[in-house]
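Sequences listed follow chains A and B, in order.
Here the numbering used here is used: the first residue of the first sequence is 16, the next is one more, and so on.
Here the numbering used here is used: the first residue of the second sequence is 25, the next is one more, and so on.
The hints are simulated quantities; they were obtained by calculation from the structure and are not laboratory data.
Note that this is a predicted model, so its numbers are computed, not measured.
Glycine is no exception: its CB is placed at the ideal position from the N, C-alpha and C atoms.
Fair warning: there could be bad hints in the mix.
To be verified - The calculated PhoX-like cross-link candidates involving lysine-lysine, where the alpha carbons are at most 25 Å apart (straight line), are: (1) A/Lys276 <-> A/Lys260; (2) B/Lys293 <-> B/Lys344; (3) A/Lys190 <-> B/Lys32; (4) B/Lys387 <-> B/Lys344; (5) B/Lys57 <-> A/Lys186; (6) A/Lys135 <-> B/Lys32.
As the list claims (entries may be wrong) - Covered stretches of chain A, going by a simulated chain B footprint (3 or more residues, C-beta under 8 Å): (7) 65-71; (8) 89-103.
Stated by the list, open to error - Label-pair ranges, simulated between beta-carbon atoms: (9) B/Leu287 <-> A/Lys135: 28 to 36 Å; (10) B/Leu172 <-> A/Lys276: 50 to 58 Å; (11) A/Glu65 <-> B/Lys132: 47 to 55 Å; (12) A/Asn116 <-> B/Arg33: 38 to 46 Å; (13) A/Leu224 <-> B/Met179: 44 to 52 Å; (14) A/Arg275 <-> B/Glu50: 34 to 42 Å; (15) B/Leu417 <-> A/Asn96: 34 to 42 Å; (16) A/Asn116 <-> B/Glu50: 31 to 39 Å; (17) A/Leu224 <-> B/Arg33: 23 to 31 Å; (18) A/Arg236 <-> B/Ala152: 36 to 44 Å; (19) A/Glu279 <-> B/Glu50: 36 to 44 Å; (20) A/Arg112 <-> B/Phe154: 33 to 41 Å.
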Amino acid sequence: MSSFHEDHQSRVTKRLLELRRKNRKAFAVFLTAGYPSLDSTLPLVRLCDEAGIDILELGMPFSDPLADGPIIQACSQQALNNGVTLSWILEQVQAIREFTNLPLVLMGYLNPIFRYGVEKFFRDASSVGVDGVILPEVPLEEVHRFSHHARANSIDIVLLVSPTTPISRIKEIDKTTSGFLYCVSSTGVTGHSTTVDEVRAYVVMVKELAVHPVLVGFGIRSAEHAQQVASVADGVIIGSEFLTKIRSLGQTNGLQMWIRKIRESL
Amino acid sequence: MKYGLPDKRGYFGAYGGRFVPETLIEPLRRLEKLYTRMKRDPAFTNEYYSILREYAGRPTPLTFAERLTAYYGRASIFLKREDLCHTGAHKINNVVGQILLAVRSKKKRIIAETGAGQHGVATATVAARFGLQCVVYMGEEDMHRQQLNVYRMKMLGAEVIPVTSGSRTLKDATSEAIRDWVTNVNDTFYVIGSVVGPHPYPMMVRDFQAIIGKEVRKQLRTLNTGKSLYLIACVGGGSNAAGLFYPFLQSTARMYGVEAAGLGLDTDKHAATLAKGIPGVLHGSLSYVLQDDDGQIALAHSISAGLDYPGVGPEHCYLKESGRVQYHAVTDEEALKAAALLAKLEGIIPALESAHAIAFLEKLMPCTKKGECVVVNLSGRGDKDMQTFMERLTYE
Ligand SMILES: Cc1ncc(COP(=O)(O)O)c(C=O)c1O
Chain A
16 MSSFHEDHQS RVTKRLLELR RKNRKAFAVF LTAGYPSLDS TLPLVRLCDE
66 AGIDILELGM PFSDPLADGP IIQACSQQAL NNGVTLSWIL EQVQAIREFT
116 NLPLVLMGYL NPIFRYGVEK FFRDASSVGV DGVILPEVPL EEVHRFSHHA
166 RANSIDIVLL VSPTTPISRI KEIDKTTSGF LYCVSSTGVT GHSTTVDEVR
216 AYVVMVKELA VHPVLVGFGI RSAEHAQQVA SVADGVIIGS EFLTKIRSLG
266 QTNGLQMWIR KIRESL
Chain B
25 MKYGLPDKRG YFGAYGGRFV PETLIEPLRR LEKLYTRMKR DPAFTNEYYS
75 ILREYAGRPT PLTFAERLTA YYGRASIFLK REDLCHTGAH KINNVVGQIL
125 LAVRSKKKRI IAETGAGQHG VATATVAARF GLQCVVYMGE EDMHRQQLNV
175 YRMKMLGAEV IPVTSGSRTL KDATSEAIRD WVTNVNDTFY VIGSVVGPHP
225 YPMMVRDFQA IIGKEVRKQL RTLNTGKSLY LIACVGGGSN AAGLFYPFLQ
275 STARMYGVEA AGLGLDTDKH AATLAKGIPG VLHGSLSYVL QDDDGQIALA
325 HSISAGLDYP GVGPEHCYLK ESGRVQYHAV TDEEALKAAA LLAKLEGIIP
375 ALESAHAIAF LEKLMPCTKK GECVVVNLSG RGDKDMQTFM ERLTYE
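Chain A on its own, in the form it takes in the complex (with noise of 0.2 Å):
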């Protein structure tokens, strides 16, 4: 447990370690910025903070989302066309940061950070402050073009596993990673679709081997999926299945109660 310790107490170690030590796991979802609107962004993040989630994915959307299925997609230019950029959404954290103190990572892709700056990028985004970035595009040999100006400014690189990294670059990203070890729970694009069995054996080894608190991501539906999934890990991330929950239910008591319904069964 040496390097999670000693890793500097960001929100987000602090929150995962307070959990730990309460026996709960966590639950994080991820909402693109922008997403169904401009003005919708800060009262979902509330909604969501009341309804008890512990991590929030802030999703900067692109233009070419390769990762993403076709959920994230159309969110992603939706927000796009409603004119989202990276300075608005830095804005944006700072605005969240005026009401909670819940931990938020941005997560996407490169270029747009490249166009803004690397460097300016942590330094803005630690100064509204993000707690850290997930950057799927970037694998462990390239995390060193950003771990400096991370470490400088306090922001965690969250590193991701896939079930086709081989067990020793799993105990290698997990040294490398902050915050946590997010895991990819299937071979795919965000929303793809998983059964629990396919993912179980794969993320008990994951979480064997790390020292990191395991995070698993990527096609988790349900409630009751993501309590079987969160049950040999340290907790859930929920994706597409939050943003379709956002296009069928609105920001209403429905969908705090739907985020309710998860916290409490994990």
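With the hints as your guide, set chain B with the ligand onto chain A.
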């Protein structure tokens, strides 16, 4: 000095690398290992060369363009006749190599992206030849522009999946092919059509296309042409250009890559990534990308579907910055005019992509002298573009 690129991490100078989801990292490493082994395996290379000879129709001729030479009255112009390859373009050189790798890795399902349809047709063709299942992703807009190739792929037994996201062209077809690959990576081999994508693809595709330049070198030797040599090729992703240039990189030949200027470089309707792009990440490698101020990928435009792509191979970014190759751009109009000229003077109707290389002669030829030698890579034939020619060129 040895050229020796890409380096171990897949970089050509500052460009290249491997920027893909974790799921693809191990499969890419395995592919790289397999390719490195096969490159030195005589059984593999013999099979590759024999299929190119017996099936794809290599070597392709180097044709002296006598009347085109007389028209400009300067250097002698030669055409490398990739248009005479089976399926009508250079694309098959690379596909044969990659499908042999797929067979060696026991993958039964082949996927590909296609823009003009030439790479899709080549992939469907070689997949049929080896009895493999083949799925081709093609933007809906391109399917409309290149109906003939859509039908050819179907007749060859491939499933053509229309891509309706984004600009509905090559960039979106490539994203969709990568999504398929991430999902079905255990039984599927992704045959990339140009020198783009994550390492080892840019290197592998270049090596398989290098047959073009190797043949040209040999053919020039027997022709006993003078020392001063110019090489011209069009650049979409950059595979036919890389294939022609690579064997000459350590020679004194002057090289010119020609991008699509669409409606003009001063408009936003072009596909001149090297001229107007900015370094970024698209489809798995670090290279120049056409993009807006927020880093969103811009829509490319070219009359030629095969050049209509907002990215370009990382090696070309390196060759541009090192100054070894010069890159220029010609417009839709210039390309159309060049196609008409070549048809009339040489009896060859070029693909619209290749017509961009021909069009560059207008700029280059006045700077050449008699006794010098210009080789233009005629990367494909124009059959697939007849609809566009009919709409855009009028004859009495
Ligand atoms: C005939 C022909 N030439 C050139 C190209 C452009 O590709 P590349 O730049 O990889 O050679 C294409 C692509 O479809 C093509 O069909």
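Taking the hints in turn, this is what the structure says about them:
Distance restraint check for A/Lys276 and A/Lys260: the Cα-Cα separation of roughly 13 Å lies within the 25 Å cut-off, and the hinted pair is therefore satisfied. Between the alpha carbons of B/Lys293 and B/Lys344 the distance comes to roughly 22 Å, so the proposed pair stays at or under 25 Å and holds. In summary, the hint linking A/Lys190 to B/Lys32 is supported, as the alpha carbons are separated by about 23 Å, within the 25 Å threshold. For the proposed pair B/Lys387 and B/Lys344, the alpha carbon gap of about 19 Å is at most 25 Å, so the pair holds.
Of the pairs offered as hints, the one joining B/Lys57 and A/Lys186 holds, with about 22 Å between alpha carbons and a cut-off of 25 Å not exceeded. Using a Cα cut-off of 25 Å, the hinted pair A/Lys135 and B/Lys32 is violated, with the two alpha carbons roughly 30 Å apart. Taking a C-beta to C-beta cut-off of 8 Å, the stretch 65-71 of chain A contributes 0 residues in contact with chain B, too few for the three needed, and the coverage statement is violated. Beta-carbon proximity to chain B at under 8 Å applies to 4 residues in the stretch 89-103 of chain A; the threshold of 3 is reached and the given coverage holds.
In this structure, B/Leu287 and A/Lys135 meet the distance hint of 28 to 36 Å, their C-beta atoms being roughly 34 Å apart. A C-beta distance of roughly 54 Å is found between B/Leu172 and A/Lys276, which places it inside the suggested range of 50 to 58 Å. Checked against the hint of 47 to 55 Å, the pair A/Glu65 and B/Lys132 passes, with Cβ atoms roughly 51 Å apart. The beta-carbon spacing between A/Asn116 and B/Arg33, approximately 40 Å, falls within the hinted interval of 38 to 46 Å.
A beta carbon spacing of about 50 Å between A/Leu224 and B/Met179 agrees with the range 44 to 52 Å that was offered as a hint. For A/Arg275 and B/Glu50, the Cβ-Cβ distance of about 39 Å falls inside the hinted range of 34 to 42 Å, so the restraint holds. Evaluation of the 34 to 42 Å hint for B/Leu417 and A/Asn96 yields a pass: the beta carbon distance comes to about 38 Å. Restraint check, A/Asn116 to B/Glu50: a C-beta distance of roughly 38 Å satisfies the suggested window 31 to 39 Å.
At about 25 Å, the CB distance of A/Leu224 to B/Arg33 agrees with the hint of 23 to 31 Å. Distance hint check for A/Arg236 and B/Ala152: the Cβ-Cβ separation is about 39 Å, which falls inside the suggested range of 36 to 44 Å. Separation of A/Glu279 from B/Glu50 is about 38 Å and conforms to the stated range, judged on CB atoms against 36 to 44 Å. For A/Arg112 paired with B/Phe154, a C-beta distance near 58 Å fails the hint of 33 to 41 Å.
Against the hints set out earlier in the document, violations occur for numbers 6, 7 and 20.
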